[in-house]
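A.B. asks: Use the sequences and the hints to build the structure in full.
The listed protein sequences derive, respectively, from chains H, U and L. Residue numbering for the first sequence follows this note's numbering, beginning at 2 and increasing consecutively. Residue numbering for the second sequence follows this note's numbering, beginning at -14 and increasing consecutively. Residue numbering for the third sequence follows this note's numbering, beginning at 4 and increasing consecutively.
By construction, these hints were calculated from the structure, which means they are not laboratory data. Predicted model, so just to flag it, every value in this text is computed and none were measured. Hints may be right or wrong, so weigh each one.
Using 25 angstroms as the maximum straight-line C-alpha spacing, the simulated SDA-like pairs for lysine to any residue come out as follows [stated by the list, open to error]: (1) U:Lys268 x U:Leu339; (2) L:Lys5 x H:Met33; (3) L:Lys5 x L:Gly18; (4) U:Lys268 x L:Tyr236; (5) L:Lys5 x H:Ala174; (6) U:Lys268 x U:Gly200; (7) U:Lys268 x L:Gly232.
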Amino acid sequence: MAWIYLLPAAVLLLGLLAVPLAATLPAGLPLMPQLFGDASLLQVSGNTLAFAGITVALELVLGVLFALLLNQPLRGQGPVRAVAILPWALPTAVMALAWRWIFNDTYGIANDLPVRLGLLSEPVAWLGRPALAFATIVVADVWKTTPFVTILLLAGLQSVPDDLHEAMRIDGAGPVRRFFWITLPMLRPAIGLAITFRLIHALGIFDLVWVLTGGGPANATKTIALYIYDQFFRYGQLAYGAALTIVAALAMFVLAGAAGALIRGRARG
Amino acid sequence: MRRPASSAARGAARGLLAVLLALALVGCAEEPEGIRLRFLDRPDEGGAWAEILSRFEERHPEIDVELVEGPTSTDTREGMYATTFLSGEATYDIVYMDVIWVPRFADRGWLLPLDDRFPEAEREAFLPGDVAGSVFEGSVYRVPLRADAGVLFYRSDLIEEPPETFAELVRLCERHQDPPDRHGFLFQGQQYEGLVCSFLEVLWGHGGRVLDRDGRVVLDGPEGHAALDWLVDLVGRVTPEAVTTYQEEESRHVFHEGRALFLRNWPYVWSKAQAADSPVRGKVGIAPMVHAPGGESSAALGGWGFGIASSCPHPDAAWRFIEFATSAEAMRILNERNGAIPARRALYRDPELLRRHPHYSQLYEVLLRSRPRPVHPRYAEISDAIQMHVSAALVGEETPDEAIERAGDQIRGILDR
Amino acid sequence: MKRAGLGFAVLLLIGFSTGPFLWSVVTSVKPAEEIYEAPPTYLPEEISTESYTEVFARRPFGRYLLNSLIVAAGSTLVALLAGSLAAYGLARLGLPGAGGIERAILFFALFPPAVLLVPLFSVARQLGLINSYLGLILVHAALNLPFVVWTLGAFFRGFPREIEEAARVDGFSRLRILVRIVLPLSAPAIAATAILTFIFSWNEFVIALTFMQRDAMRTVPVGISMLSGATVYDVPWGQISAAIVMTTLPVVAAVLAFQRWILRGLTAGSIKG
Chain H
2 MAWIYLLPAA
12 VLLLGLLAVP
22 LAATLPAGLP
32 LMPQLFGDAS
42 LLQVSGNTLA
52 FAGITVALEL
62 VLGVLFALLL
72 NQPLRGQGPV
82 RAVAILPWAL
92 PTAVMALAWR
102 WIFNDTYGIA
112 NDLPVRLGLL
122 SEPVAWLGRP
132 ALAFATIVVA
142 DVWKTTPFVT
152 ILLLAGLQSV
162 PDDLHEAMRI
172 DGAGPVRRFF
182 WITLPMLRPA
192 IGLAITFRLI
202 HALGIFDLVW
212 VLTGGGPANA
222 TKTIALYIYD
232 QFFRYGQLAY
242 GAALTIVAAL
252 AMFVLAGAAG
262 ALIRGRARG
Chain U
-14 MRRPASSAAR
-4 GAARGLLAVL
6 LALALVGCAE
16 EPEGIRLRFL
26 DRPDEGGAWA
36 EILSRFEERH
46 PEIDVELVEG
56 PTSTDTREGM
66 YATTFLSGEA
76 TYDIVYMDVI
86 WVPRFADRGW
96 LLPLDDRFPE
106 AEREAFLPGD
116 VAGSVFEGSV
126 YRVPLRADAG
136 VLFYRSDLIE
146 EPPETFAELV
156 RLCERHQDPP
166 DRHGFLFQGQ
176 QYEGLVCSFL
186 EVLWGHGGRV
196 LDRDGRVVLD
206 GPEGHAALDW
216 LVDLVGRVTP
226 EAVTTYQEEE
236 SRHVFHEGRA
246 LFLRNWPYVW
256 SKAQAADSPV
266 RGKVGIAPMV
276 HAPGGESSAA
286 LGGWGFGIAS
296 SCPHPDAAWR
306 FIEFATSAEA
316 MRILNERNGA
326 IPARRALYRD
336 PELLRRHPHY
346 SQLYEVLLRS
356 RPRPVHPRYA
366 EISDAIQMHV
376 SAALVGEETP
386 DEAIERAGDQ
396 IRGILDR
Chain L
4 MKRAGLGFAV
14 LLLIGFSTGP
24 FLWSVVTSVK
34 PAEEIYEAPP
44 TYLPEEISTE
54 SYTEVFARRP
64 FGRYLLNSLI
74 VAAGSTLVAL
84 LAGSLAAYGL
94 ARLGLPGAGG
104 IERAILFFAL
114 FPPAVLLVPL
124 FSVARQLGLI
134 NSYLGLILVH
144 AALNLPFVVW
154 TLGAFFRGFP
164 REIEEAARVD
174 GFSRLRILVR
184 IVLPLSAPAI
194 AATAILTFIF
204 SWNEFVIALT
214 FMQRDAMRTV
224 PVGISMLSGA
234 TVYDVPWGQI
244 SAAIVMTTLP
254 VVAAVLAFQR
264 WILRGLTAGS
274 IKG
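C.D. replies: Rendered as structure tokens:
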């Protein structure tokens, strides 16, 4: 009887996603050995891991701070929360175009403003150097997806009972101690969730990079999703694309699942 | 407090569900009688397609041709064509394609060969580069419509005679430049297809090629080394470092504002430069790209034309449309309404067109020298290898010698697979 | 002192969140020539609505907004319905292997939509779901389902079982417990999930592009990708900025409405007591 609860979800997932996956992926199995000799794969995997690690860490720190802030009883709390979600509400592919404009060496404010403030002596080609371009996509992604973490954690904070805080306050514990002793442990499930899904999204980053840098310069910002897209749609290497997809998905599953589980710890019990 | 909110939510949810179901039923439209053909292009600027389609349907009322307007990004539209062909569906009967798609689409069997319908004799009427780019393994798959070719723009108010050789170009830059207010030479240096076009023109000007006539990789010969050396040496000397962020428009704006002497770009720059409010109005000249002493200029060929999808159930009707859409009449409409450069040679002797575009006589010289990029079904991979290593050389991650050797090896690896 | 610090932090947050967006707002109301002025102007010298009128003149943008709204609202609804049932089933009903099933569901979240595109398109075509809202709604819902199941599951597990057990003693059925007790108690989680899911669908590009081939059925991100300038190479920054502003404002309004409606009720909610 209880299985009926799973029926709608099962129909959607199996009917719409499992069938296409089953049709695409098996072709890749015989090509798995080729992956080992692929030098580009090594580079794009490195880029992707670095990107995901850095962005998720930054987003988590910012997200916790923002969520705590938004959980304070403030005047205008509703509007401020709505504003905090704004970056997530913008379509990535479109916002990436806006970033191109912002980081333009001649017309962009990412140059004009620092030059006016005296922080830079001359305009910088932000997207023109490998390390700078990488930093630029990190900034753009952190800006865009921090709200995702904020919202999840904000919802998590609602389940932290006030009376626990009250009790510790009476015992003389300061806000920092209360945060580490009560809030953080109670937030573990929400943080675990945020990490799992943010890692999955970050490891699969596509639109932002595609529009902002196209993977350049010198492939410094090319990620695994871009590489897979190329195999399928530009190179016509469907089987090899499928092989890549299988391996990438397994790696993501392990990484995202492990990181999330580690945080959630025994909270799942 | 919660109760009214949640019952309102349930009410809203129920209403929404009903609307959704109704809308799902409306989604299916009925098919009209007669033959219907579709093709995909960017949105119809200036209404050129609307006029061509209505003129065609006046003459062939039994054939209904529909333009599906897609995104402006060429890559995205290539993906849309590829998706429908891969899933074996006849969404698009006519394929409006960029010249670089031809080998791959033909190799996968997505296109109908047009050898009988478009015989050698008729191909003579079109620009030779555009025809060459439409042929794959001896068969023709595309009828050219709009041409495009890389051109060197220069500031005719500052430079009397356009340079002919690579060395002259650099010398003129050094004499007249005043960075950052006035740079020397601009090209498209971001890691994308435009970088390949910029690089190939320099490579060809040095007498090099990517593949020789037998399909062997010769990119990393002495000409390739010289070409990349020259290009990399420009950066920081006569070309701003930001060139590695430039696509067409970024580079054009710098030139348009009067802040550069030379610009490698496509012919569309001309009409923008001649607009009433343009800072460089009347100060811009067109010349073929420079070359090595004793060599000759070449231009990377861009351009669009029509093919027939092999899944098209009405190839004869499709051909009737293609004949009309690639006629001089249609090319005039496209030229007038959205500035498309015609692919038929006869139009460059047309007094009306020359009166409207006095620069077409110079442009014609460049178009005659335009060359297709390597015609190979795995061109996309070859292009990516060139993009990656030329980009790495421009930003100093690899020396020019390393970059050209690695690009050559990588392309060999691609062709061997 | 603490108030001032808090106020400053809020200002920082607002600046961080709105900065790049405000730049789009400024760009969208500049006349075309001013957009390409170097150095850029921070307050437009002249306010112009030409970018906005241009967007509507070139594309049926109002229709795109409506389409996006229908698809995003529909897929959010479907994902929440199917997802909350599944999450409750897995979290509370003691199904054998529930943990494994949950992980298997997560597996579906790992595939970028682009990879699924070709077979998904074939399936949708056979079912007659091309150019229909329903097709896109179901696919977006399916793609969001793992996220919904996991998020709601995590919250359902956080509830004290006693409340549900008390209700069972009172003779409530499982479904009634879910609808009457668990879901209202999970309001914050549902609101958060709904917002994130809605926006995901609102922004999705590649499947919307492929599934909707008639212009009248297209969604906003696809519509924006079709904005163009006078030539093939033009990037119409003014129009793009105007479109960004118009796309975002409805979402912000919706979020604001959602906040008032659900998150408020929760602060006084019963989970604490």
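A.B. asks: Hint by hint, where does the structure go against what was stated? Just the numbers, ascending.
C.D. replies: Structure breaks hints 2, 6.
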